[in-house]
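Undergrad: The listed protein sequences correspond, in order, to chains Z and E. Residues in the first sequence are numbered from 1 upward in steps of one, following the numbering used here. Residues in the second sequence are numbered from 1 upward in steps of one, following the numbering used here.
Certain hints may be false.
As the list claims (entries may be wrong) - Here are the simulated lysine to aspartate or glutamate pairs, DMTMM-like style, with alpha carbons at most 25 Å apart:
1. Z:K79 <-> E:E71
2. E:K79 <-> E:E104
3. Z:K79 <-> Z:D46
4. Z:K122 <-> Z:E104
5. E:K79 <-> Z:E71
6. Z:K134 <-> Z:E123
7. Z:K122 <-> Z:D22
8. Z:K79 <-> E:D76
9. E:K122 <-> E:D76
10. E:K79 <-> Z:E104
11. Z:K134 <-> Z:D22
12. E:K122 <-> E:E104
13. Z:K122 <-> Z:D76
14. Z:K79 <-> E:E104
15. E:K134 <-> E:E123
16. E:K79 <-> E:D46
17. E:K79 <-> Z:D76
18. E:K134 <-> E:E61
Hint data in this document are derived by calculation from the structure and do not stem from the laboratory.
2 protein chains.
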Amino acid sequence: MTAQRVLGVDPGTIVCGYGIIDVAGSRYTYVTSGVIRPVRNAPMPDRLCTVFRGIASLIEEYRPSVLAVEEAFYGDNPKTAIKLGQARGVILVQGVLAGMQVSEFSPRFIKQAVVGVGSATKEQIQYMVARILKLPSPPQPTDAADALATALCFAVQPHIKLADDRPLTRAQRQMKALGIL
Amino acid sequence: MTAQRVLGVDPGTIVCGYGIIDVAGSRYTYVTSGVIRPVRNAPMPDRLCTVFRGIASLIEEYRPSVLAVEEAFYGDNPKTAIKLGQARGVILVQGVLAGMQVSEFSPRFIKQAVVGVGSATKEQIQYMVARILKLPSPPQPTDAADALATALCFAVQPHIKLADDRPLTRAQRQMKALGIL
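Using the sequences and the hints given, assemble the complete structure.
TA: Next up, the structure:
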């Protein structure tokens with residue numbers, strides 16, 4: 001079975017986590033993980049450029065075919081949302097430029113896919129990522145673990161049904177009641 | 001006096017306006033303007049890529065030395081803010097990649113700089129942009145006019161004092177009272 005190489009990214013302009021795994025059926029192999037840390041007090045355009053260049057180098061070096069990005073959490077602060085959006089923009093665009101398959105997953109969906117609980121803690125994610133990828137210790141920092149979890153989410157999601165625990169639609173409830181779903 | 005070429009951008013993933021002007025002291029010359037329109041129903045990463053490539057072509061063709069971008073308006077919808085942020089990210093990063101000076105201005109500041117009123121309408125902006133740049137008719141569509149206004153804002157802002165009509169700080173009020181400001 002041909003392996004797919006998946007680059008998972010947890011976007012951010014302070015810390016941007018990345019994790020790369022190889023996926024062959026239900027066999028997942030750890031490749032690398034880490035974080036991109038732009039200079040903290042640098043102007044935003046420069047920080048975005050550091051993220052852009054960092055992701056570009058990873059793609060060039062590891063040649064992943066899939067980009068899996070954590071979907072934005074729609075908090076209640078539009079100012080934070082703009083910043084997070086800016087980081088996401090420079091990451092997503094790289095996937096298209098490199099001809100990769102681009103997938104986005106909500107934080108809740110990722111947690112459910114990897115830990116089994118949509119409200120999993122950072123520590124639970126680190127623990128499960130280490131277990132699934134047979135790592136000797138939990139990946140550090142948590143941003144790298146989150147990125148690996150995003151990549152794993154892409155790998156396991158074809159096997160998940162309704163795993164994002166959004167409320168069922170009326171049609172889905174009916175199907176469930178009829179035993180179709 | 002050496003002219004500076006300024007690329008003004010009004011970010012968006014539905015319509016992204018651009019406008020280029022040459023600035024030599026207080027002489028402003030229109031170069032070009034228009035809009036980038038990603039395919040409307042295309043996935044967001046592809047739309048971001050269209051904006052990215054569009055801005056890249058403009059920079060390659062016209063070689064501006066300054067990128068002036070309209071600052072995000074912090075509305076009350078984080079979902080919209082994320083989308084706008086994504087578009088801004090791919091634009092801002094180009095300025096840094098091309099070694100340009102990158103400046104951001106709030107919509108209010110731009111309106112005040114170009115029209116003289118922070119709450120100016122789209123039509124007022126179009127009218128003033130046409131007047132300042134001696135265009136035979138108002139630039140179309142309004143997104144292109146907004147982008148030209150952003151470029152003009154960069155050009156005129158060194159001559160503006162406290163034009164963004166934010167409330168004065170205590171120190172500024174004192175200076176004003178003393179006639180220093």
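Undergrad: None of the hints should be skipped; say for each whether it holds.
TA: Structure-based check of each hint:
no.: 1; hint: Z:K79 <-> E:E71; in the structure: holds, 11 Å
no.: 2; hint: E:K79 <-> E:E104; in the structure: holds, 22 Å
no.: 3; hint: Z:K79 <-> Z:D46; in the structure: holds, 18 Å
no.: 4; hint: Z:K122 <-> Z:E104; in the structure: holds, 19 Å
no.: 5; hint: E:K79 <-> Z:E71; in the structure: holds, 11 Å
no.: 6; hint: Z:K134 <-> Z:E123; in the structure: holds, 16 Å
no.: 7; hint: Z:K122 <-> Z:D22; in the structure: holds, 23 Å
no.: 8; hint: Z:K79 <-> E:D76; in the structure: holds, 9 Å
no.: 9; hint: E:K122 <-> E:D76; in the structure: holds, 21 Å
no.: 10; hint: E:K79 <-> Z:E104; in the structure: holds, 15 Å
no.: 11; hint: Z:K134 <-> Z:D22; in the structure: holds, 13 Å
no.: 12; hint: E:K122 <-> E:E104; in the structure: holds, 19 Å
no.: 13; hint: Z:K122 <-> Z:D76; in the structure: holds, 21 Å
no.: 14; hint: Z:K79 <-> E:E104; in the structure: holds, 15 Å
no.: 15; hint: E:K134 <-> E:E123; in the structure: holds, 16 Å
no.: 16; hint: E:K79 <-> E:D46; in the structure: holds, 18 Å
no.: 17; hint: E:K79 <-> Z:D76; in the structure: holds, 9 Å
no.: 18; hint: E:K134 <-> E:E61; in the structure: holds, 23 Å
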